[in-house]
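Using my numbering, you'd call the opening residue of the sequence shown number 25 and step up by one each time.
Among the hints, a few may not be true.
Cβ-Cβ distance ranges computed for the label pairs, FRET-style [what the hints assert, rightly or not]:
hint : residue 1 : residue 2 : range
1    : Ala92     : Ile55     : 30 to 38 Å
2    : Ser46     : Gly90     : 18 to 26 Å
3    : Thr36     : Pro76     : 29 to 37 Å
4    : Leu82     : Phe38     : 26 to 34 Å
5    : Glu44     : Thr89     : 17 to 25 Å
Calculated cross-link-like contacts (lysine to any residue; reagent style SDA-like; alpha-carbon spacing at most 25 Å) [what the hints assert, rightly or not]:
hint : residue 1 : residue 2
6    : Lys45     : Val73
7    : Lys45     : Gly60
8    : Lys45     : Ser67
9    : Lys45     : Ser61
10   : Lys45     : Ser77
11   : Lys45     : Asp59
These aren't lab readings, by the way, just hints derived from the structure by calculation.
Ideal Cβ positions, reconstructed from N, Cα and C, are used throughout, including at glycine.
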Amino acid sequence: MSDDNVLYDSPTEFLHEVAEKSGHCVAQSVIPLEDGSYVCACSCDRWEVVAPSRQEGLRLARAHTGSAP
């Protein structure tokens with residue numbers, strides 16, 4: 025989609041966009057682990073950390089992309 029609004033993208037369109045922009049900070053993930061921590065990663069393939077909480081993982085992802093308040 026050309027308007028760059030993720031709210032209008034289907035999951036398939038979003039994944040295609042992430043694949044097309046490999047190496048760029050297009051998408052971040054915060055995924056729970058069995059021990060209660062969260063693995064956080066970015067589509068740029070240069071950032072992956074483990075956070076103690078979901079909230080901290082989101083904060084770290086925002087800091088990584090420069091979108092932290």
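Now for the hints, and whether the structure bears them out:
no.	hint	result
1	Ala92 to Ile55: 30 to 38 Å	violated (20 Å)
2	Ser46 to Gly90: 18 to 26 Å	holds (19 Å)
3	Thr36 to Pro76: 29 to 37 Å	holds (33 Å)
4	Leu82 to Phe38: 26 to 34 Å	violated (18 Å)
5	Glu44 to Thr89: 17 to 25 Å	holds (18 Å)
6	Lys45 to Val73	holds (21 Å)
7	Lys45 to Gly60	violated (31 Å)
8	Lys45 to Ser67	holds (8 Å)
9	Lys45 to Ser61	violated (28 Å)
10	Lys45 to Ser77	violated (28 Å)
11	Lys45 to Asp59	violated (32 Å)
Checked against the numbered hints given earlier, this structure breaks hints 1, 4, 7, 9, 10, 11; the rest are met.
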